[in-house]
Structure formats: C-alpha cells, structure tokens
Amino acid sequence: MFAFAAYGAVFTVIFVFLWMMISRQNRIEKKLEQIKNQLKDRNAG
Amino acid sequence: MKLKVLAILTLVSMLTALYMIFLYAPREALQGDAQRIFYIHVPLAISGYVSAFLLLIGVIGFFRTGDLKWDRFGETAAALGVTFISAQLITGSLWSRPIWGPWWVWDARTTLQLVLDLIFIAYFMLRSYLPDPQKRAKLSAVFGLLGMIDVPINYLSIYLVRTQHPQAVVSPGGGGVSPEMGLTLTVSFTAVGLLYAYLFNRRLAIAKVEEEVDYLEQVVLAHE
Amino acid sequence: MKSMSAIIFKDIVIEMRNKESITSMLMFGVLVLVVFQFAFETINVERGLLAPGTLWVAFSFAAILGLNRSLAMEIDNDCLQGLLLAPISRGELYLGKVASNFIFMMIAEAIVLPLFVVFNNLDFNLKFLEVAAIACLGTLGIASIGTILSTISANTRIKEVMLPVLQIPLTVPVIIASVEATREVLTGDTRGISSWLYVLAGFIIVYLTASYLVFEFAVEE
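Top to bottom, those sequences are chains A, B and C.
Going letter by letter, the first sequence gives residues 1 to 45 in this note's numbering.
Going letter by letter, the second sequence gives residues 1 to 224 in this note's numbering.
Going letter by letter, the third sequence gives residues 1 to 221 in this note's numbering.
Accuracy of the hints is not assured; some may be wrong.
To be verified - If the Cβ cut is set under 7 Å, some of the chain C residues that face chain B in the computed set are: (1) V34; (2) L126; (3) L129; (4) A133; (5) R157; (6) E160; (7) P164.
As the list claims (entries may be wrong) - Okay, derived cross-link-like pairs now, DSS-like style, lysine-lysine, Cα gap no bigger than 25 Å in a straight line: (8) A:K36 with B:K135; (9) A:K40 with B:K135; (10) B:K69 with B:K135; (11) B:K69 with A:K30.
As the list claims (entries may be wrong) - If you want the footprint, here are the derived chain A segments under chain B, 3+ residues with CB under 8 Å: (12) 1-15; (13) 32-40.
Bear in mind the hints are in silico, worked out from the structure with no lab data behind them.
All residues carry an ideal CB built from backbone N, CA and C; glycine is no exception.
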C-alpha cells in the first residue's frame with residue numbers, strides 16, 4: 001500500500017517536471033513563430 | 001537524435017526496474033512490501049547530492065569564464081535537485097510511517113536532504129526575482145556557491161547532534177540484502193541515472209534555445 | 001584596515017543618530033522571548049530545555065531584521081553607490097560591513113540576554129559569560145553570511161522577504177551549534193561543547209573567506 005503510494009508520488013513529481021518542461025518548450029516555439037511572422041510581415045510591407 | 005535514444009533507453013530501463021521492484025525482488029521478511037520503497041529512495045537521494053555537485057561545477061565554471069552556459073548548467077542541476085529530492089523526501093516519509101511509526105524522523109540524512117531542498121528552492125526564488133540575465137547569473141552563482149559550501153558544514157553539525165540522541169535502529173535494507181535485491185537496486189540505480197541524464201540534457205537544451213529566442217526577440221524589437 | 005575602520009565608524013555615527021537598527025533588533029528580540037513565554041506557559045516542560053532554543057530564535061530573527069535595516073539604509077539614499085565608488089576593495093567593504101553589523105547585533109543581544117535570564121528565572125552567574133562568548137561566535141557566523149546575502153536580496157523587488165528565505169537554510173549549522181553549545185553550558189554538562197565550537201569557528205572561517213572572495217560579484221553593477 002505504502003509502496004504503491006510512494007511510487008505514485010515519484011511518478012507524479014516527475015510528470016509535473018516533464019509537463020513544466022514541455023510547456024516551456026511550447027511557449028518558446030510559439031514565441032519563435034511570432035517573431036518569424038513579424039519578420040515576414042515586415043518584408044512584405 | 002541522441003536525446004531520443006536516451007529517452008527510449010530510459011523508458012525501457014524504468015519499465016524493467018518497475019517489474020523487478022514489484023515482481024522479481026523477494027518480499028522482505030521484516031518490513032514487508034514497504035521495503036520496496038527503498039529501491040527508489042536511495043537512487044533519488046544520491047541524485048540529490050549529484051545535483052548539488054553539478055550546481056557547484058556550474059557556479060565555478062561561471063566564476064571562471066563568465067559564460068551564461070554555466071549559469072544554465074547550474075540552474076538545470078538545481079531544478080533536477082528540487083524535483084528528485086522532493087520525491088525522495090515523500091518516499092522516505094511513506095517508508096517511515098509503516099516501519100518507524102512517525103511520518104517524519106529528524107535524523108541526520110533526512111534533515112540534510114530537507115535543508116538542501118530548501119537551499120535549492122531559495123535559489124529558484126532568488127532567480128525568479130531577478131529579470132536581467134547577467135545579474136541573475138552573477139547573484140545566483142554567489143548564492144549557489146554559499147549554499148553548496150553549506151552542505152558539508154550542515155552535514156557535520158546535523159550528524160553531531162543526531163548521533164548524540166538515540167537513533168532508530170532499523171534502517172532501509174538493514175538486514176541481509178539478498179542477491180535479487182542487490183540486482184534490483186542496481187537496475188533501479190541505472191533507471192534513475194538514465195532518467196536524470198535525459199531530463200538534464202533536455203532541459204539544458206530548452207534553456208539554451210530560450211536564451212537564443214529571447215536574444216532574437218530583442219534584435220527584432222530593436223530594428224522596429 | 002584603515003578603510004574598514006572608516007566604514008565601521010560611518011555606520012556607528014549613523015546608528016547613533018537614528019538608532020534604527022539596534023532599536024528594531026532589540027524590540028524584536030524581546031518580543032520573541034515574550035511570545036515564547038506565552039507559547040510554552042501551559043505545557044509542563046522544564047524551562048531549561050527550551051530556553052537555549054528560544055534565545056537563538058530571538059537572536060537569529062532579530063539579526064535578519066537588523067540586516068534588512070542596515071541595507072535598506074544604504075539603498076534608500078543611494079549610499080551603496082557612493083561606497084562602491086570609494087577607493088577600497090570589495091573585500092574590505094564586505095569585512096567592514098560584517099564588523100558593523102556584528103557590533104550592532106552584539107549590542108542588541110547584550111540587552112536581550114539579561115532579560116532572557118530574568119524571564120526564565122535563571123541565576124546571574126559566570127555561566128552567562130560563557131553564553132555571551134558563544135553568542136559572539138554565533139552572531140559573527142550570522143553576520144558573516146547575512147551581510148553578503150542581504151546584498152544579494154537587495155537586488156530583488158521583495159528584499160525584506162527574500163533575505164530570510166536565503167539566510168535561514170544557510171544558517172542551520174550556526175543555529176544548531178549555538179543552541180547545543182548554549183544548552184551544554186546552561187545544563188552544566190559540557191563534554192561535547194568543543195565540537196560545537198569547532199563547527200562555529202569552521203563556519204565563520206569558511207564563510208568569511210568565501211564571501212570576501214566573491215563579494216565583488218554580489219555588488220557589481
């Protein structure tokens with residue numbers, strides 16, 4: 001019982017870490033996309 | 001590409017480790033199933049010290065070169081330190097409750113890990129209030145150095161006070177460790193080590209890209 | 001050496017004019033002692049066992065208050081800028097600030113300690129010279145690390161909150177060693193005291209050296 005709880009907790013913590021890492025990556029990708037679009041608009045205009 | 005291989009290796013080793021921990025390793029006579037916590041607890045604890053050591057390397061590298069890549073290195077180590085030590089403290093507590101009785105025992109190693117965790121958290125809190133990257137790198141390197149110097153002194157003082165008090169006799173795996181248990185622990189160490197390496201490299205790569213994108217954004221804004 | 005004493009002299013003159021740092025530390029230290037008396041009033045434990053802990057909680061939290069005050073004073077009037085322009089090394093600036101912080105903390109503690117004796121119904125005897133000596137060491141430890149940490153926290157928006165967050169985890173060894181040493185003196189069983197004094201001395205030497213070396217990184221613009 002306690003063993004399952006412990007492993008559950010470990011995986012939860014690692015999952016939270018992964019989730020924060022990946023959402024940070026997505027945020028950066030979005031930002032990069034924005035910059036690209038900005039540059040495109042500027043070149044077009 | 002390398003990261004992908006590492007990810008697959010990590011996943012395979014984690015599944016193997018889980019299988020061995022719950023099905024292969026024998027049930028310990030004295031502690032029962034709660035003893036299975038020990039297979040993850042010990043590798044996590046070691047990874048906490050590894051994080052402290054890596055942060056120290058990052059800090060020294062930054063002081064010597066002033067290169068922000070060392071700041072990212074240290075920050076990544078600290079992030080993994082917080083994650084792994086926090087997980088380890090939870091497993092310790094869930095082991096202590098059925099075996100020792102209390103949720104929390106203020107013995108030397110537990111206290112040291114908690115203080116180390118608090119130092120890592122303080123390191124992050126400091127960073128989050130310093131917007132300028134150069135300043136953030138410098139000040140958090142100073143704090144990181146002072147914090148990591150603290151670890152051995154802390155260990156000494158906590159060890160002194162806790163050995164003068166009566167200590168609990170049962171320790172994780174204190175009895176005879178059978179060969180199956182030894183093998184399981186080795187596999188578990190490998191899995192945690194691979195996971196650590198994977199998360200470390202991935203987060204470090206993200207931090208690098210983030211810095212480059214921030215720089216790019218500044219350049220674009222400057223030419224507005 | 002001369003520049004260090006100039007910094008100490010400057011801080012003492014300012015403190016004699018506004019008395020902010022010492023008064024706030026003193027008041028806070030006394031309040032902590034009083035709160036602890038109420039908190040433990042109803043439980044039936046031997047006062048002597050708790051006393052060293054309350055004393056060091058009072059000292060260490062009062063020290064944080066004093067450090068915040070001392071740095072806020074430098075920042076409010078842009079004095080730090082002036083100090084950095086002065087022709088002295090960063091290391092000397094650090095040692096000078098440690099010395100003046102240490103002096104103010106000791107003055108406040110010199111008044112809190114007799115009150116501690118009275119509140120806990122202890123006897124005034126030679127033991128308290130030993131406690132004062134331990135207080136000197138512990139306070140120097142707190143001042144050595146607190147001075148550089150308050151400089152770091154001053155760069156953030158929430159400096160008053162940041163200082164305890166940074167300082168308390170790092171001063172765990174000082175607090176443990178000081179509490180245990182004080183306890184041994186008060187109970188009269190001083191067999192283990194030398195190891196605590198070594199821990200304190202080691203902490204002070206290590207942190208004074210390390211902070212002396214890296215202080216320039218903490219103040220550089």
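Now for the hints, and whether the structure bears them out:
Here the hint on V34 (chain C) is broken, as its CB sits about 27 Å from the closest CB of chain B, past 7 Å. For the restraint placing L126 (chain C) at the interface with chain B, the shortest Cβ-Cβ distance is roughly 25 Å, beyond the 7 Å limit, so the hint is violated. Here the hint on L129 (chain C) is broken, as its CB sits about 24 Å from the closest CB of chain B, past 7 Å. The criterion of a C-beta within 7 Å of any C-beta in chain B is not met by A133 (chain C), whose closest approach is roughly 18 Å, and the hint is violated.
Because the smallest distance between the Cβ of R157 (chain C) and any Cβ of chain B comes to about 6 Å, under 7 Å, the interface hint for this residue holds. A hinted interface residue such as E160 (chain C) counts as satisfied when its beta carbon comes closer than 7 Å to some beta carbon of chain B; here the least separation is about 12 Å, so the hint is violated. Because the beta carbon of P164 (chain C) sits about 10 Å from the nearest beta carbon in chain B, more than 7 Å, this interface hint is broken. Note on K36 (chain A) and K135 (chain B): the hinted pairing is violated, with a Cα-Cα distance of about 29 Å set against a maximum of 25 Å.
About 34 Å separates the Cα atoms of K40 (chain A) and K135 (chain B), which puts this hinted pair outside 25 Å; it is violated. With a CA separation close to 14 Å, the supplied pair K69 (chain B) and K135 (chain B) stays within the 25 Å bound. With a CA separation close to 23 Å, the supplied pair K69 (chain B) and K30 (chain A) stays within the 25 Å bound. For the region 1-15 of chain A, the stated coverage by chain B is satisfied: 10 residues place a CB nearer than 8 Å to a CB of that chain, which reaches the threshold of 3.
Counting residues of the region 32-40 of chain A whose CB falls under 8 Å from any CB of chain B gives 4; the rule of at least 3 is met.
The earlier numbered hints that this structure contradicts are 1, 2, 3, 4, 6, 7, 8 and 9.
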